[in-house]
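*Asks:* This is what each chain is made of:
Number of protein chains: 2
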Amino acid sequence: MINQEKKLVELKNKLSEINDLEMSGALLNWDQSTYMPSGGAKARGRQMATLAKIAQEKLIDPAIGKLLDDLRPYEESLPYDSDDASLIRIARLDYERAIRVPPEFMLEYNLHSSDSYQTWAQARPENDFKKVQPYLEKTLELSRKYSDFFPGYEHIADPLIDVSDYGMKALTIRKLFKELRDQLVPIVNTITSQPPTDSSFLHKIYPEAQQLRFAEKVVRTLGYDFNRGRIDKTHHPFMTKFSLGDVRITTRVKEDYFGETIFSNIHESGHAMYEQGINLDYEATPLGTGTSSGVHESQSRTWENLVGRSREFWIYFFPFLKEEFPEQLRGITLEQFYRGINKVERSLIRTDADEVTYNLHVMLRFDLELALLEGKLSVRDLPEAWNDRYASDLNIKPTNDRDGVMQDVHWYGGFIGGAFQGYTLGNILSAQFYAAALKAHPQIPAEIKTGKFTQLHEWLNKNLYQYGRKFTADEIVKKATGSPLTINPYIQYLKTKYGELYDL
Amino acid sequence: MINQEKKLVELKNKLSEINDLEMSGALLNWDQSTYMPSGGAKARGRQMATLAKIAQEKLIDPAIGKLLDDLRPYEESLPYDSDDASLIRIARLDYERAIRVPPEFMLEYNLHSSDSYQTWAQARPENDFKKVQPYLEKTLELSRKYSDFFPGYEHIADPLIDVSDYGMKALTIRKLFKELRDQLVPIVNTITSQPPTDSSFLHKIYPEAQQLRFAEKVVRTLGYDFNRGRIDKTHHPFMTKFSLGDVRITTRVKEDYFGETIFSNIHESGHAMYEQGINLDYEATPLGTGTSSGVHESQSRTWENLVGRSREFWIYFFPFLKEEFPEQLRGITLEQFYRGINKVERSLIRTDADEVTYNLHVMLRFDLELALLEGKLSVRDLPEAWNDRYASDLNIKPTNDRDGVMQDVHWYGGFIGGAFQGYTLGNILSAQFYAAALKAHPQIPAEIKTGKFTQLHEWLNKNLYQYGRKFTADEIVKKATGSPLTINPYIQYLKTKYGELYDL
Numbered sequence: 198m199i200n201q202e203k204k205l206v207e208l209k210n211k212l213s214e215i216n217d218l219e220m221s222g223a224l225l226n227w228d229q230s231t232y233m234p235s236g237g238a239k240a241r242g243r244q245m246a247t248l249a250k251i252a253q254e255k256l257i258d259p260a261i262g263k264l265l266d267d268l269r270p271y272e273e274s275l276p277y278d279s280d281d282a283s284l285i286r287i288a289r290l291d292y293e294r295a296i297r298v299p300p301e302f303m304l305e306y307n308l309h310s311s312d313s314y315q316t317w318a319q320a321r322p323e324n325d326f327k328k329v330q331p332y333l334e335k336t337l338e339l340s341r342k343y344s345d346f347f348p349g350y351e352h353i354a355d356p357l358i359d360v361s362d363y364g365m366k367a368l369t370i371r372k373l374f375k376e377l378r379d380q381l382v383p384i385v386n387t388i389t390s391q392p393p394t395d396s397s398f399l400h401k402i403y404p405e406a407q408q409l410r411f412a413e414k415v416v417r418t419l420g421y422d423f424n425r426g427r428i429d430k431t432h433h434p435f436m437t438k439f440s441l442g443d444v445r446i447t448t449r450v451k452e453d454y455f456g457e458t459i460f461s462n463i464h465e466s467g468h469a470m471y472e473q474g475i476n477l478d479y480e481a482t483p484l485g486t487g488t489s490s491g492v493h494e495s496q497s498r499t500w501e502n503l504v505g506r507s508r509e510f511w512i513y514f515f516p517f518l519k520e521e522f523p524e525q526l527r528g529i530t531l532e533q534f535y536r537g538i539n540k541v542e543r544s545l546i547r548t549d550a551d552e553v554t555y556n557l558h559v560m561l562r563f564d565l566e567l568a569l570l571e572g573k574l575s576v577r578d579l580p581e582a583w584n585d586r587y588a589s590d591l592n593i594k595p596t597n598d599r600d601g602v603m604q605d606v607h608w609y610g611g612f613i614g615g616a617f618q619g620y621t622l623g624n625i626l627s628a629q630f631y632a633a634a635l636k637a638h639p640q641i642p643a644e645i646k647t648g649k650f651t652q653l654h655e656w657l658n659k660n661l662y663q664y665g666r667k668f669t670a671d672e673i674v675k676k677a678t679g680s681p682l683t684i685n686p687y688i689q690y691l692k693t694k695y696g697e698l699y700d701l
Numbered sequence: 198m199i200n201q202e203k204k205l206v207e208l209k210n211k212l213s214e215i216n217d218l219e220m221s222g223a224l225l226n227w228d229q230s231t232y233m234p235s236g237g238a239k240a241r242g243r244q245m246a247t248l249a250k251i252a253q254e255k256l257i258d259p260a261i262g263k264l265l266d267d268l269r270p271y272e273e274s275l276p277y278d279s280d281d282a283s284l285i286r287i288a289r290l291d292y293e294r295a296i297r298v299p300p301e302f303m304l305e306y307n308l309h310s311s312d313s314y315q316t317w318a319q320a321r322p323e324n325d326f327k328k329v330q331p332y333l334e335k336t337l338e339l340s341r342k343y344s345d346f347f348p349g350y351e352h353i354a355d356p357l358i359d360v361s362d363y364g365m366k367a368l369t370i371r372k373l374f375k376e377l378r379d380q381l382v383p384i385v386n387t388i389t390s391q392p393p394t395d396s397s398f399l400h401k402i403y404p405e406a407q408q409l410r411f412a413e414k415v416v417r418t419l420g421y422d423f424n425r426g427r428i429d430k431t432h433h434p435f436m437t438k439f440s441l442g443d444v445r446i447t448t449r450v451k452e453d454y455f456g457e458t459i460f461s462n463i464h465e466s467g468h469a470m471y472e473q474g475i476n477l478d479y480e481a482t483p484l485g486t487g488t489s490s491g492v493h494e495s496q497s498r499t500w501e502n503l504v505g506r507s508r509e510f511w512i513y514f515f516p517f518l519k520e521e522f523p524e525q526l527r528g529i530t531l532e533q534f535y536r537g538i539n540k541v542e543r544s545l546i547r548t549d550a551d552e553v554t555y556n557l558h559v560m561l562r563f564d565l566e567l568a569l570l571e572g573k574l575s576v577r578d579l580p581e582a583w584n585d586r587y588a589s590d591l592n593i594k595p596t597n598d599r600d601g602v603m604q605d606v607h608w609y610g611g612f613i614g615g616a617f618q619g620y621t622l623g624n625i626l627s628a629q630f631y632a633a634a635l636k637a638h639p640q641i642p643a644e645i646k647t648g649k650f651t652q653l654h655e656w657l658n659k660n661l662y663q664y665g666r667k668f669t670a671d672e673i674v675k676k677a678t679g680s681p682l683t684i685n686p687y688i689q690y691l692k693t694k695y696g697e698l699y700d701l
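So the sequence lines, in the order shown, correspond to chains A and B. Going by this note's numbering, the final residue of the first sequence carries number 701, and the count climbs one at a time with no gaps. Going by this note's numbering, the final residue of the second sequence carries number 701, and the count climbs one at a time with no gaps.
These are computed hints drawn from the structure, not numbers from a lab. Where hints are given, some of them may not hold.
Because identical chains share one entry, a pair is satisfied inside a single copy or across any pair of copies.
Unchecked claim - Here are the computed lysine to any residue pairs in the SDA-like style, where the Cα-Cα straight-line distance is at most 25 Å:
(1) K414 / P234
(2) K401 / L574
(3) K255 / N210
(4) K203 / K335
Treat the numbers as computed from the prediction; the structure is a model and nothing was measured.
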């Protein structure tokens, strides 16, 4: 066994080196989005590509395969959920996926993605879908080719979905999403036929420095650890990580809309608190990150929506908010504020959508991805298909592609397939995890009213965050909630919350 | 020849990859000094070590040696100063130096340096030389060992000096420094026997934001390009580079001393303008950086002292300064200000020293380095030797080791040998280059009076900056000034300037 332990150390050293390269790449990317002067852009792209290439070369090193083979008896001698067995298991998963894809393909794909992204960034403001169409066609071809490196799939999207939501199948998700859509569309119709909620007070001028100060105070109170993180400004908010001791978020401000900074800050800090909660022993190993995009999104949405848009939350924070913005909120009651931040309306832009309509945006993208991959929809016909689905699902039709099919970066800088399902899976899971937390600690809402988030945060740390990638999404959902993934808690949550806000 | 050009491309690709790793490491270091939360420290050290290790492995790859051998006929077919021949020549120099040193030695050295640095950082505030002594002894041993990988040296310090000031020899520098010291000591004695200059107005309260704004305006006017750079705050100011398009400087503020931010900003922007001036074709090649620590320092000191502490400079900037700080400078004339910022006094701390005494600090360190390496001085006796030299050279005796032998990081985080000579070589060279620029463009001082720095900046770009490492220090000094390195212009400069300020 001593020999096995030596081999495990050897494996960990190799994996740590790969992790160091990936985390360095993440810092280069963070700097590019925050502080890099424009003159640095060209070299920065090359530098990030170099780090990614070396990390990839090191991951597919046959020496890793050999170590994984040699370690199989050791792994099998250990309990499934031991740290060592899990490390070997997850490392093998990554290795076996990586070696299926030829390096030349990755090179071609990376170069193409970069070109495609540049073209999109230019074409979107010009509303010029024709310009991106050939890139998207090539992306579709490359996405299909990627899947074909994993023969034996049930649906051609499955290998692409596996990358971010390991173990989820296209056909399962399609069925799940249909169920959800069938429930959501009538709710949206009922709500939007009622008089619109007044949220005009959210659109007064809220000065940047004050918004940033308030949002920072909020996420600090929620439990985002500033000794292991920080907030900087970027064009699009995101969470990024350079180690378990350095998990950063970024934010942006719209002075004429109060909701932007606060909710994106809470959202990103939800992602960050997940990463900050991971067992520190997993640092620089494949276990040291969130387990899937769906589970990750469940945490950003838990904190943003289930907590951050709850009445209890604002019972505590609204007085502080009024202190910070007395003019802007003069005469606005807690109840008006609560209704304002939970206003439901049909809209064109996914990232601006409310809780109820948001999933309709996501699910139509998912369906279009599948149709493209199945060959049932051509890229040329994509804008029309997009607009039709907005008309049928959301009863609103885009008048241009900029705010239509070109609004999200995902297809223009990555694969088609696997890009969107995580958002809705996350919403579904957020309610399922939260219901389990409430069952264990029914006093959580009462605590939140007093600005305490400890019980919730501790439950999440204990039942979810600490494990990192040790368990798959499927495994952790069952372990933490006692049930496989189900949409019932989510539907229940929406019906209760919005049934009280609107006439359902 | 087509085959040779293919090999050159191959070599460039390999060198670019190494450069990408080094520049990524520099960004990790910059982030550590500027924005990294404390929790990131542990992983960051490991990540920087990983990048350095991989870069080193790639540099000593025998495939590079093979390419360099294969490219010799091509190199010899080209003019010495052609870009391709220079690239091959400098790459060979780096390669041949790197392969002499066994990777295990570098590993041991890097681990030791890191421990030694940590110990110093703790021991210095505690004024505890005993704590660092064993580390310093080991550093001395490793420094000697490093030199012994380069047998045939004239002096054991030569291989260490070669790393930063390629081609300079310990015995040459020792002679040069003795000459300089013999001239400086009487000047310092004469000046410091006269009544001290009043500079108390520099020690009023100058608020941080205003100091930063003013210093930024100044370096922008000098020609530091903010599209290819930026300024952030750090504990110790430095210049760092991530590509020729991204050359950053850092600064710090002492609100009770006006001289700190402004002169360190000008100093670092001098380093940065050198890097920003390098031929962009040299990006990601061994040619794309300054040629030696002495030449680099000559540029920081040119801008800081020959320009930034000149009367002409303040003829232009003093009115703006008075506008920014009317209270602090009420009643202070340009002449008083000029004398204040050029006040000469005996002091203990190198980095706080004025132009005249500064080199005495540097040269005594250089002599002590040589004595340690030669075995004529033991580490145990170093503090006493240090204090004795301060007494004899500067007529002031340190009362503790914190502000004595432990004040500089260099010996505690790097080799003993090669650490200090660049500072004084830089001062000497700054005057030699500047004299050549003035000879070519006698109107430079008149231009500076009007806030124009174009002629000077262009002369430096054309005669020095653009070449990067294409020419060695020796070569570029002769090429740009028509003479080998000489202390005469520097002595002339000091005597003229300080002869006017004091009774010499």
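*Asks:* Given identical chains, is K255 near N210, meaning Cα to Cα at most 25 Å, within a copy, between copies, both, or neither?
*Replies:* Result: close both inside a copy and across copies, 11 Å intra and 18 Å inter.
*Asks:* With 25 Å as the alpha-carbon cut-off, assign the pair K414 and P234 to within, between, both or neither.
*Replies:* between (29 Å within a copy, 17 Å between copies)
*Asks:* Indicate which option fits the pair K203, K335 if close means a Cα-Cα distance not exceeding 25 Å: within, between, both or neither.
*Replies:* neither (46 Å within a copy, 30 Å between copies)
*Asks:* Pop the pair K401 and L574 into one bin, within, between, both or neither, using alpha-carbon distances up to 25 Å.
*Replies:* Classified as neither: same-chain Cα gap 44 Å, cross-chain 73 Å, threshold 25 Å.
Consistency with the previously given hints fails for numbers 2 and 4, ordered from lowest to highest.
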